[in-house]
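Visitor: Order-wise, the sequence lines are chains A and B.
Per the numbering used here, the first sequence starts with residue 1, numbered consecutively.
Per the numbering used here, the second sequence starts with residue 1001, numbered consecutively.
In case anyone wonders, no lab produced these hints; they're calculated from the structure.
None of the values given here were measured: they were computed from a predicted structure.
Cβ atoms here follow ideal geometry from the backbone N, Cα and C, with glycine treated the same way.
One-sided excerpt, in silico: chain A residues whose CB lies under 8 Å from chain B:
(1) 62
(2) 66
(3) 70
(4) 171
(5) 256
(6) 260
(7) 269
(8) 317
(9) 318
Listed here are the chains, written in short residue letters.
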Amino acid sequence: MSQTRENVETEQSTGGHGGLSASLKAAGRWFRRAGVSGQLLTLLIVAAIFAVGTKGRFLSLVNLQVILSLAAIPAIIAVGLHQVVVLGGIDLSVEGVVALCVVFVGLLLRNKVNTNDVGFWIVPIVIGIGGIAGFVSGLFNTRLKIPSFIATLGMSWILWGLAVYISRGQTVALLDTRFEVIVTGNVFGIPILAIIALAIVVVLQFVQNGTRFGRYLYAIGGDETLARQAGVKVERIKMIVFTLAGLFYGLSAFFLSTRLGGSQAITGNNLLFPAVTAVAVGGVALTGGIGGAKNAALGALIVTALNDGLILMHVNPYAQDAVNGAVLVAAVALTIDRRKLGFIK
Amino acid sequence: MRKGLITLTCLGVLLLVITAGAFAAPTTLAISIRTLSSPYQVMYKNGAEAYAKIVGLPLDVLTTEANSEKGLTDIKAEIARTGANVAFYVDPNDASDAVSIAKTMEAAGVYWVSWWSKPADVKVWDYPHWICHVTFDGFPAAVFTATELLKTFKTPGHGKIIALQGRLGDTPNAERWQGLQKVLADNPGVQLLEWESAEWDRTKAYNDTRAMLVANPGVDGVWTANDDMALGAIQALKEAGLAGKVKVVGCDGEPEMFDAIKAGFAAATVLNDGNYQAELGLAMSLAAKQGKLDVASLPHKYRQFEIPAVNVNAANADQVKHDYIDNIPTYDLSNFFARWSRALE
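All chains should be built: construct the whole structure from the sequences, respecting the hints.
Guide: And the structure:
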């Protein structure tokens, strides 16, 4: 409905007397409605500062390719995580799921420690493992009534333990190079990994905007009791969201392992905090009910661009954490939509 | 009254059974290490298992999983379970943990040896049951790897490098960094363009290296403080089309690094012999417990000391891998100080 109104407005403005200023106004309205104006502004500011600070090197093609390539995996993880946040929960199982899936990638693709080689089946297998892990987290949350914080944290530890047990702490070097092109290749200068991430974001955003599932998701995030009274099958939606999150973590594990040319359980380490940061910077309210896939992806892009820019500007690593923290607070201040927040906890 | 008497009697019997069991049982060997998810830490476990088999005693492996509180709690539980009939080898999670561990061991009268981390101002000889603190000397290790890296430049000793440190503040990282600084001071033709802290993490090393390669074109070599980061840097170089042309050095002697050296991607690493670490630590603790080692009579230089690691480059990679990675050597533990290299201040 809103999309139709927007089209009519745009047509009127371009066909009538408004000309350029009317088009700009229409674009402004679209950005406001899209809920990513703050994120794009942040990205613009970050890019402008680093472009000046690096004498243009930040905006060079090779660096933009590096940023897009590095942002793709965190974006996929953040996109998986953000739906749980939109529901009003949190998913801390990222590192455990990725650890277990990475170990399976190493042991099932052609490697140095066994004779396995499942080839392209590895993709559905690890996505399936991730999905099952997410499903179990969902069961903990909906059936056992364990808060998502504890359910997913426990799940993460269980899977981490399994990953370490199965791998025996060893690193498995991959001999399979068939998938390398996905993580290293470009199409028209754009990293393939970034295109895959973008496709995921577009599809999920469409689902969130245009389907009953999407409406229910935001209804639960806005007020779970009201949603339940309105007949929304809250448990079912939660199960789907946790399972979807696991699927995305599994896919990320496949890309991570392929990119690093090997698998070890600790590959899953240090993924959770950047993902949560990306979700927050992207404007997804940690109180639930606000934000979409595009927000999470833009958040991941901002965080990656920030880290890349600090290195390109030769900012002292001792100071980087402080700079990172200050910029992230500023970014959240810019991106959060206060009109939609009833209160700040 | 009657109930209380019965309860007290039961508790007394239980206590007697436990105590009698502990006295009857053979001494338990125990190691407390950080994790079983890293190949290097797994070497500890393998060495400890080999030693336990030699002396025919049971072995318990405790892991802190980067949680200092868990580490201390597990140690206390192990002491209680064995009735203090245990010989310990401990790799404290943090340097500051060493003091609380020392007090716990002292209170229980358990002999123990520590590795890697302890506060510099804490002296082992202030604790009668703390036999010694041993560590691998990171300084000469880094001097060796940096020197090997410089040899790979088009004009040996003249070129530009980038570097990856581990977690800033970690003692081994500081020692290795000082080793690199020494080589840079001795070779004014070599310029350190930029360094980052990748916190011992392969994925972060990959990300940082990709950004640093954009920021610093024309790099001749990459120095890293450990092999995991070296392997991440190699993947980044591969994507930039520089692997093999720009060499990497690491430290720790992970199995994958030997392959990287053989493939021409890496120039050197240093093997910290975890098998020997565990065997020496347990042998000393057991000897002290059995009264075969008089701890009080040991001179201070034998209470806090360093031992050398094994230098690895293309010339000896195959041999070292065969001797230390593919097999566990048989160590002569009749002289605990056979590998003593220098006292720790």
